[in-house]
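Undergrad: One letter stands for each residue in the lines below.
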Amino acid sequence: MTADYSEQLGRRLAAWSIGARWLLLPILTALCIAVGSGAATLNFASDYRVFFGAENPDLIANDNAEGAFGKPDNIAFVVIPEQGSIYTAETLTAVHRLTDLAWRLPFVSRVDSLTNFQNTVGVGDDLIVEDLLLDPNTLSPERIAGIRAVAESEPLIDGFVTSRDGAATVVSATLQLPGDTPNVASAAQAEAREIRAQLLQEVDGLEIHITGVASLSAAFEEAGLRDSSTLIPAVYAFILVVILLALRSVSAVFAALSLILLATFVGMGVGGLGGVQLTPISLAAPTIILTIAVADAIHVISGVRAEMRAGQSQREAVIQGTALNFAPIGITSLTTVIGFLTLTFSDSPPFHHLGIMCAAGIAAAWLLSVTFLPALLSALPLRFGRGPAEAANPMTALADWVIARPRGVAGGAVTACLAAMAFIPSLTINDQWSQYFDESLEFRQAIDAADPYFGGDAVEFVLDPGAPGAVTEPRFLNTVDAFAAWLRTRDAEVAHVFALSDVMKRVNRNLNGDDPAFHAIPEDRRLASQYLLVYELSLPYGLDLNNRVDIDRQATRVTASMKDISTAQTRAFLEDARRWFAENGGGYQLDITGSKVLFAFVAERNIEAVFDGALYLIVAIFAILSLTFRSIGVGLVSLIPNALPLLTAFGVWALLVGVVGFSVAAVGAVAVGLIVDYTVHFLSKYFRARKSKGASVEEAVRYAFETAGVAIFLTTLILVAGFSILLTSSFKLNADLGLLTATAVILAMAINFTLLPALFLLAERWRQRRASGARAPSTPPL
Amino acid sequence: MRASSLAATLIAGMTPTLALADAALTSADPKERGYAIAARSDATDAGFGASSVRLAMTLTDPRGRKTTRELQIDTLEKSGEGDGDWSVTRFFSPPDVEGTALLSQARILDSDNQWLYLPALRRTKRISSANKSGPFVGSEFAFEDLTASELGKYEYIYLGTETLGDGTEVDKLQCNPLYERSGYTKLHCFFDTETFQARRLEFFDRGGRLLKTLDLQAYRQYPGGYHRSHRQTMQNHLTGKSTTLTFEDFDFGVRLSRRDFEPAALADF
Chain S
0 MTADYSEQLG RRLAAWSIGA RWLLLPILTA LCIAVGSGAA TLNFASDYRV FFGAENPDLI
60 ANDNAEGAFG KPDNIAFVVI PEQGSIYTAE TLTAVHRLTD LAWRLPFVSR VDSLTNFQNT
120 VGVGDDLIVE DLLLDPNTLS PERIAGIRAV AESEPLIDGF VTSRDGAATV VSATLQLPGD
180 TPNVASAAQA EAREIRAQLL QEVDGLEIHI TGVASLSAAF EEAGLRDSST LIPAVYAFIL
240 VVILLALRSV SAVFAALSLI LLATFVGMGV GGLGGVQLTP ISLAAPTIIL TIAVADAIHV
300 ISGVRAEMRA GQSQREAVIQ GTALNFAPIG ITSLTTVIGF LTLTFSDSPP FHHLGIMCAA
360 GIAAAWLLSV TFLPALLSAL PLRFGRGPAE AANPMTALAD WVIARPRGVA GGAVTACLAA
420 MAFIPSLTIN DQWSQYFDES LEFRQAIDAA DPYFGGDAVE FVLDPGAPGA VTEPRFLNTV
480 DAFAAWLRTR DAEVAHVFAL SDVMKRVNRN LNGDDPAFHA IPEDRRLASQ YLLVYELSLP
540 YGLDLNNRVD IDRQATRVTA SMKDISTAQT RAFLEDARRW FAENGGGYQL DITGSKVLFA
600 FVAERNIEAV FDGALYLIVA IFAILSLTFR SIGVGLVSLI PNALPLLTAF GVWALLVGVV
660 GFSVAAVGAV AVGLIVDYTV HFLSKYFRAR KSKGASVEEA VRYAFETAGV AIFLTTLILV
720 AGFSILLTSS FKLNADLGLL TATAVILAMA INFTLLPALF LLAERWRQRR ASGARAPSTP
780 PL
Chain F
0 MRASSLAATL IAGMTPTLAL ADAALTSADP KERGYAIAAR SDATDAGFGA SSVRLAMTLT
60 DPRGRKTTRE LQIDTLEKSG EGDGDWSVTR FFSPPDVEGT ALLSQARILD SDNQWLYLPA
120 LRRTKRISSA NKSGPFVGSE FAFEDLTASE LGKYEYIYLG TETLGDGTEV DKLQCNPLYE
180 RSGYTKLHCF FDTETFQARR LEFFDRGGRL LKTLDLQAYR QYPGGYHRSH RQTMQNHLTG
240 KSTTLTFEDF DFGVRLSRRD FEPAALADF
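In the order they appear, the protein sequences are chains S and F.
Here numbering that gives the first Met the number 0 is used: the first sequence runs in plain steps of one and ends on residue 781.
Here numbering that gives the first Met the number 0 is used: the second sequence runs in plain steps of one and ends on residue 268.
One or more of the hints may lead you astray.
[To be verified] Far from chain F, some chain S residues (derived; all Cβ distances over 10 Å):
1. Arg103
2. Arg163
3. Ala309
4. Pro393
5. Thr471
6. Gly541
[What the hints assert, rightly or not] Covered stretches of chain F, going by a simulated chain S footprint (3 or more residues, C-beta under 8 Å):
7. 55 to 63
8. 134 to 142
9. 152 to 166
10. 184 to 196
Keep in mind the hints are simulated off the structure, nothing from the lab.
Using N, Cα and C, we set each Cβ at its ideal position, and we do this for glycine too.
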């Protein structure tokens, strides 16, 4: 595409748009609003599982386990009495009351607490099954001491329902949340808060925190809502300030805002039509679309302003301003759109959603900025005034500085980049989801408050003896027991273990008159099966054996409630568990699932997936640049200023922060799509000078600095400010994405201002030296 | 068995009360009318004495995986006020639990008396549990659902007359459990207007939401006029699980006495 041809195309399109403006403006506006109305169907995802792709093997394993054993969605009330012990009449009465109230939660199938624990006692040939605390009016000091003795000796209570120090207890409601109904988790969370408020009105001296898997799902929604009420206003305020500062014209602000609004409508509307579920991640889309659309608008409008200041009529200025920017905006939008589209390679659907919504919005911004924007600008009263006499272009000085010492500049830039990149190996990836949430969010506070007392995420170890009905084989049950015992030795990672072997031992003891000698795995398979039947008969409303044993009696799960450890620690722990089981697992099969496992491998899976995407992205950018500049050599060379800033940004991040979440996988695609624009802007001016003006390399570099430099600087400012707004997100993955992208953009500007021109200058010198020395035929000029 | 004092007088055939009952069946008071409809259904079963039936209990999980248990249930018609029927449930499969037997002496408003015989332990254990709302051996049936037709368990309110999907005309009652520790806030009971048999029960959980639906199908009438459903399906709407009971022929001629429903009898089979 030659500059002349694209300029002519731009002229024609702008002129046509202006001519048809009274038709075009309402039609385009209506079209964008029509697409945007699709956004009405957007709903918040109410299940944390949305973060995992349908083909993610960890999710598939997790779904299978949940199919066999039930979903673990729950709301947990963590009750911490101020006076330090739960074993008082007041607290136990309050827990009893809370247990009743929790049945009010939507989709509740079971409430478990200290008071309704089904305590079994064997007396002679009687097996007594009853609530640990049936009637709070009967509480005497002796009764309380009895409850405490049971709680501290019962593996299903100690460390799970009550903290080991007796300072806190949990009332946990199991919810059967329908996967297809929006906002169910947040509705349950809202009801949980009502219940808490009601109880706290009745009872003094309690601290109650609400956690659990359903609360986690709700927290993602709440973080998203919080963001949409803070980020979006912030980004609009930012845009107003930037446009006013940059353009100093109310009409221009109006035109730019209209463009931005319509582009955002399209982006969000496409999301709605595509069935996107909103998450804090996909909610970054409006911020990103706005930021990039504003850059498009400013390029066009400042072009128009320059033409008007040069004395052109408004109509001619609008046409010329659009025409000049037609190719750069087209190419940069194309690369950015491709960058966002490669997010669909991610393993995590919210990133697909972000990618698709941003790509649609950015494409709309591009089309609107060469049709709608000139049409609107021509219809508005535009007055920019003469403006202050242009001061000496600061870019000239920068250009001279680079031209004077290209070797030093290139060497310095490369050294600095390599130094930063050396830190990349120290970068650790952590997807401990509790850390995703800002401390200002109630959910984060609840996790932090519960952490000293109870485990959070579960790891489910599914043990399979290989034949239906074989879970009651004594050899298998002994393996389960040994595995549970091993898990309990890992108390740095594991807070509590729930295993079928504990149930078996208790039933055996109960049916033998509570003789402690029988607190062991039964030695006969038939007996164990019949014990299982006794256990089934003792289960209360809403509980069934499926919670522990699958329907064929071929698998049982051992549940480890994990402490809030990092994903690296989790992976190491899982590795150890597999090794232990390989050596001591009796040849049985072990599968490991659970939310903790999903998050432990989410980064790995996303990074793997994104590498595939990155390959396409690199090829696409190489092809676009090679075609634009009609040189494969230029295409290759320009990969350097595009790859370096990104890698350097990771290095800088490793040095300053050290930890990233799985959103890191998205940064590459987003950032490359943005920073390639700088190379396009800079090189297009450079080659324009070289070819159409016959300038020397030095002159062309200076020309590129003087013409594209300011635009690049301004764009950087806008992008950095826009992406920095994501820093205020209450969701850490967004903040990471924003800050890393902003860092990469700044570095990209620096490298395009130093290394890129220095390379051209050095190549020219080298070529001259070879030409003068060997008189070899010259290589095609860069 | 499932007769209350009103039903008992009905059976006695006292003409004035019959007239009264007829009047009650069309009463404008929904409670009176509801009770009369339930009592009419209950009366059709009075006097069966004892029965024995083999059945298959098929559990289906949300993924559609199934497992089947073979049982036999012997039932003795209730003997006194406040009592439900007595039953012995014997397990034939899975093989590991063959010979296990559960004796249940149901009581309408109190906890049931239960004994379990474990052949591997060679002992009968009394199970003392207030746990009627708990599940019956892993099924979607709670213990209290098995005796859902006991007249004295509920307060009845007539809601209207409807037509089920298969065209059966039914009276719809709201049944409010009188048992203090029931797992339900209410039931909707649908009685066939022709045969007076229960065709569908809907169970509402503690939050008042529809939890389960029991469909009673494949009714057959036995000599003596007793109706029995041969396929009962309980669908849990919350968990997606279901349980189907498929009955073989009921044996009403079986010679069973109170002695067969004592703990000591469980081991002899």
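Undergrad: A separate judgement is required for each hint: does it hold in the structure or not?
TA: Outcome of the hint check:
1. Residue-level check failed: S:Arg103 sits 6 Å from the nearest beta carbon of chain F, not beyond 10 Å.
2. Chain F leaves S:Arg163 outside its interface by the beta-carbon criterion, the shortest separation being 29 Å against a cut-off of 10 Å.
3. For S:Ala309, the requirement that its beta carbon stay farther than 10 Å from each beta carbon of chain F is met, with the minimum near 72 Å.
4. S:Pro393, annotated as away from the interface, keeps every beta carbon of chain F farther than 10 Å; the closest lies near 67 Å.
5. Distance check for S:Thr471 against chain F: the nearest CB is about 6 Å away, which does not clear 10 Å, and the non-interface claim fails.
6. Its closest Cβ contact with chain F, about 8 Å, brings S:Gly541 to no more than 10 Å, contrary to its assignment away from the interface.
7. Given as covered by chain S, the region 55 to 63 of chain F passes the check, having 4 residues with a CB less than 8 Å from a CB of that chain where 3 are the minimum.
8. Here's how the region 134 to 142 of chain F fares: 4 of its residues keep a CB closer than 8 Å to some CB of chain S, so the rule of at least three is met and the hint holds.
9. With 0 residues having a Cβ less than 8 Å from any Cβ of chain S, the region 152 to 166 of chain F misses the three-residue criterion, and the hint is violated.
10. Counting residues of the region 184 to 196 of chain F whose CB lies closer than 8 Å to any CB of chain S gives 0, which falls below the minimum of 3, so the coverage claim is violated.
Checked against the numbered hints given earlier, the structure breaks hints 1, 5, 6, 9 and 10 and satisfies all the rest.
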